[in-house]
Amino acid sequence: MAPAAIFVAVFTYYPMIAGSQMAFRHWDLNDLTDTSWVGLDNFHRVFSDPNWGTVLGNTGAWVIGSIVPQLVIGFALALWLRRRFRFRGVYQALIFFPWAISGFLIGILFRWMFNSEFGVVNDLLQKAGLIDQPVAWLADPHKAMIAVLIANIWYGVTFFAIMILAALQSVPDELYEAAALDGAGKARTLFQITIPYIRVTLVLTVLLRVIWIFNFPDLIFGMTGGGPNNQTHIVTTWMIKITQQGDYGKASALGLLVVAGLLLFTVFFLLATREKREVRS
Amino acid sequence: MIGKETAVGRAVRIVFLVLWLAFTVFPLYWIAITSLKAPGDIFSFPLAYWPEHFSLENYSELFNKADFGTYLTNSLIVATVAGAVATAISMLSAYVLARFEFRTKSALLTAALVTQMIPAFIALGPLYLLMTDLKLVDNRLGLILVYIAVCIPFCTVMLRGFFENIPDALEEAAMIDGLSRFAALFRVLLPVMRPGIVAAFIFNFVNCWNELFLSVTLMNSDANKTTPTALNGFISSFNIDWGSMSAAAVFTILPTMVLFAFASRHIVQGLTSGAVKG
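Chains as they are written, first to last, in the working numbering: chain Z, -8 to 272; chain A, 5 to 282.
Bound-form chain Z, shown alone (with noise of 0.2 Å):
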């Protein structure tokens, strides 16, 4: 237990709350003569930025647009995978490919894809007649937000599946027997039985990923940086930009703000979903 705490903190938590008091100061690799404590001034300028607003945006449409689908899909999968099938398993396998590659390197790929000249998203959406002509996917501020949702969409689904269909596997062969003879149709076993049973998996699964989706910069640092002209930025994106520019002061605001965030939402999610977790066990 002590290695992995000793690493821990003074990997991690050490650095996290060094960087933390840089939120409080003055603190620009452009003028390092200059790192006095100046209070809340980093979280004012970062509230007063003029693209506060269109970050904050766009991290709320990155973070439902990509985890409803995901869930959606996976779900599906999960369910028409419960069933056994000849290849199931090179099925899976094949499936479960995007999960090794990094997010950075799928915003690549995805870039390439969308490509406005070269790109073989137009060509084929040309071939099925979608469109008549090219369609400069990465230039247009909504366009190039679709194109990274897709792109986490590819990634995110297979979790969300794998999760699903193992708690799927442990609802007992009775429950359904019993609602069949009940004459339950498929929706309301769907409701009333399968999602009640395997809730705590859901809710942990969702949970941690809209966790992980929040505080993953690297796809959207790969496939757009952030642009059009700083229209896809999430809060971290937005965070790796201002630190590149040296203001390490307010990146860390930032960075203070992601952290307090995804507490709130952990605890208002765990108050929000705990009642009927308790019912069930």
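Keep in mind that the hints were calculated from the coordinates and are not lab data.
Ideal Cβ placement from N, Cα and C applies to all residues, glycine included.
It is possible that some hints are incorrect.
To be verified - Computed far set for chain A versus chain Z, every beta-carbon distance over 12 Å:
#: 1; residue: GLY73
#: 2; residue: ASP172
#: 3; residue: MET197
#: 4; residue: SER225
Said to hold, decoys possible - With beta-carbon atoms standing in for the labels, derived distance ranges:
#: 5; chain 1: A; residue 1: LEU258; chain 2: Z; residue 2: PHE76; range: 23 to 33 Å
#: 6; chain 1: Z; residue 1: PHE260; chain 2: A; residue 2: LEU138; range: 18 to 28 Å
#: 7; chain 1: A; residue 1: ALA92; chain 2: Z; residue 2: GLY252; range: 47 to 57 Å
#: 8; chain 1: A; residue 1: PHE49; chain 2: Z; residue 2: PHE260; range: 46 to 56 Å
#: 9; chain 1: Z; residue 1: GLN235; chain 2: A; residue 2: ILE170; range: 41 to 51 Å
#: 10; chain 1: Z; residue 1: PHE182; chain 2: A; residue 2: ALA227; range: 37 to 47 Å
#: 11; chain 1: A; residue 1: ASN243; chain 2: Z; residue 2: LYS177; range: 29 to 39 Å
#: 12; chain 1: A; residue 1: PRO55; chain 2: Z; residue 2: LEU261; range: 46 to 56 Å
#: 13; chain 1: A; residue 1: LEU80; chain 2: Z; residue 2: GLY80; range: 26 to 36 Å
For chain Z, the structure is supplied; the task is to place chain A on it using the hints.
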């Protein structure tokens, strides 16, 4: 087990599964095909879904010009050592968390969850200064130490789930037979735990292999760079060399994909039992 499937339901299921498979595999196919085109053919119309001639030029370029072999070796060393050490440490702490009750237990588990919420960038500055003091900047050992710390929290929670699935009686019987707690752990529990340990190691390996921001910050000389750092170097210039980039992508993806393919069942088991119990 589950009710009878109607013909329509079956058709819907098969169509969905096939479409999803195509969507999953196509980007990987596309990057592989791109990497095998002659550099000039990458930018020719119409796009070739199956090129007329294949070429290894992008690959030779990558290894001759960019010294990609060194980056791959560095990544391999760092990910293997960090993954293995983190797995070993996590295993011991997971054992303690699964088998003993103590006062700081829930605080430790909360601390593990909170690490997942910390954006890498808030810790980078102080981490860089710390590593400077320890003389570990631009040093593979330094990156290994940091990666171990990054891997431990999730890996511990994952392995704890595994331990909790194994009945206490197993070690108790061994201890009644005269083995110490440690001997019982190593001789009786570990063999049973093997799938979980394999899964945890692969998971750690892949995370370290793919990590970008810490490696970009801590490794700056060409001799010490890891592959993600090198990839980042490819795009930071104004024009992306898509030929070399696609070849580099294939080489970066392939090792982890092979690992996942061989161990996907273990990983599935490891992820699920860990997170469900966590």
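Discussion item. Between the beta carbons of LEU80(A) and GLY80(Z), is the distance compatible with 26 to 36 Å?
Written reply: This hint holds: roughly 28 Å between Cβ atoms.
Discussion item. Range first: 18 to 28 Å. Now tell me if the beta carbons of PHE260(Z) and LEU138(A) are that far apart.
Written reply: violated (38 Å)
Item to complete: Could you say whether the range 46 to 56 Å given as a hint is met by the Cβ separation of PRO55(A) and LEU261(Z)?
Response: holds (53 Å)
Discussion item. A range of 46 to 56 Å was offered for this pair. Does it hold for the Cβ distance of PHE49(A) and PHE260(Z)?
Written reply: 49 Å Cβ-Cβ, so the 46 to 56 Å window holds.
Worksheet item: Quick one: are PHE182(Z) and ALA227(A) within 37 to 47 Å, going by C-beta?
Response: Given about 58 Å between the Cβ atoms, the range is violated.
Discussion item. Please verify that the nearest CB of chain Z lies beyond 12 Å from SER225(A)'s CB.
Written reply: holds (20 Å)
Practice prompt. Could you see if the CB distance from GLN235(Z) to ILE170(A) stays within 41 to 51 Å?
Written response: holds (47 Å)
Discussion item. I want to verify a distance hint. Is the separation of the beta carbons of LEU258(A) and PHE76(Z) within 23 to 33 Å?
Written reply: holds (28 Å)
Worksheet item: Does MET197(A) sit more than 12 Å from chain Z, CB to CB?
Response: Consistent with the label, MET197(A) stays out of reach of chain Z, its closest Cβ about 17 Å off (over 12 Å).
Practice prompt. Could you check the hint for me, namely that ASN243(A) and LYS177(Z) are 29 to 39 Å apart, CB to CB?
Written response: violated (53 Å)
Worksheet entry | Satisfaction of the hinted span 47 to 57 Å by the C-beta atoms belonging to ALA92(A) and GLY252(Z) | violated (34 Å)
Worksheet entry | Check on GLY73(A) being off the interface with chain Z, judged by Cβ distance over 12 Å | holds (18 Å)
Of the numbered hints stated above, those contradicted by the structure are hints 6, 7, 10, 11, listed in ascending order.
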